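Undergrad: Residue-level listing of the chains:
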Amino acid sequence: MSAPARRPFSREQRLTIIQGMLVFVLIVVVLQLWLLTATMNAWLGGDESIVWPAAAASAAGLALNVGLFLYLTRLERTRSGGS
Amino acid sequence: MADLNSRGMSREQISIPPDGAPLDVQPAWRQDFPIDWPQDLYVERRDFMKFMVLTSAAFTLGQVCIGLQNWYRKQTGQPPVRRIASVDDIAVGAAIGFAYPDEHEPCLLVRLTTNEFVAFGQKCTHLSCAVIPQPAEGSFYCPCHEGRFDLRTGVPIAGPPRRPLTRVVLERRGQDIYAVGVEERTT
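Those sequence lines, one after another, are chains Z and W.
Each residue of the first sequence is one higher than the last, beginning at 153 in my numbering.
Each residue of the second sequence is one higher than the last, beginning at 6 in my numbering.
Since the hints were derived computationally from the structure, they do not count as laboratory data.
Keep in mind it's a predicted model, so treat the numbers as computed, not measured.
A hint or two may mislead.
Only part of the chain Z face toward chain W is listed, based on derived beta-carbon distances under 8 Å [claimed, not checked]:
#1 163
#2 175
#3 179
#4 182
#5 193
#6 198
#7 199
#8 203
#9 204
#10 211
#11 221
#12 227
Each pair of labels, with its calculated beta carbon distance range [unchecked claim]:
#13 110/W x 226/Z: 26 to 36 Å
#14 190/Z x 119/W: 36 to 46 Å
#15 185/Z x 52/W: 40 to 50 Å
#16 39/W x 196/Z: 16 to 26 Å
#17 198/Z x 40/W: 54 to 64 Å
#18 108/W x 226/Z: 54 to 64 Å
Where is the CB? At the ideal position from N, CA and C, for every residue including glycine.
The following block holds chain Z by itself, in its conformation from the complex (with noise of 0.2 Å):
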């Protein structure tokens, strides 16, 4: 017995949905501004510490942007017909 088709969103609810990632999104990349300025500002005054800590933290946060931006196409994909 096979599952189910999932329904496609609708155009109202995608536009939903992409603007609750937007928001994550932008919060994320003004967090990763701040770390930079942050980070550059500690390396230039001599602390090398957080230099590595901040760099994947970052990362961190680019591997979320990343994954949202792929489920978005993902969705995009399904609305399409494709799989």
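Using the hints provided, position chain W relative to the given structure of chain Z.
TA: For chain W alone, kept in the frame of chain Z given last:
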């Protein structure tokens, strides 16, 4: 819209104009070239999100660049010990310029009292303009944005700079003054 529904079109296929009014009351040009407003909003948000993800990648790249620069800085090792001047070369309250640890790093040696010397990098920590020593006022002055640093400590006391000047560690050997290291500081 009713006409479109009667033609068996689903709600997803109906173009919704920006004012939300039915298509048959729209101007002729919009009936010919209908703008689907929800789809338009969706596409512009998707493009903006794509741009934000690229911005996020750029910030991460910036962090990695700082890391690589840090690694490179560690590879260069300790700055060399270098003779800067003789005690007699500089009068009390005067300053002389020198480059340390390499020729791209201009610095200033200031004689505060007979036996007290300080040296700092000449680059302002705001935007790297050359600071000017003003011993009479007890400060280094940056003419670019009116920044001031304390002459004795290099700590910012006015203007936009937030970090102190890079301190050059000095050592006196007899009548000679040597630079033996640099000290970056955040406060």
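Undergrad: Run through the hints listed earlier and report the numbers of any the structure violates, in increasing order.
TA: Numbers 2, 3, 4, 12, 13, 15 and 16 - these are the hints that the structure violates, sorted from lowest upward.
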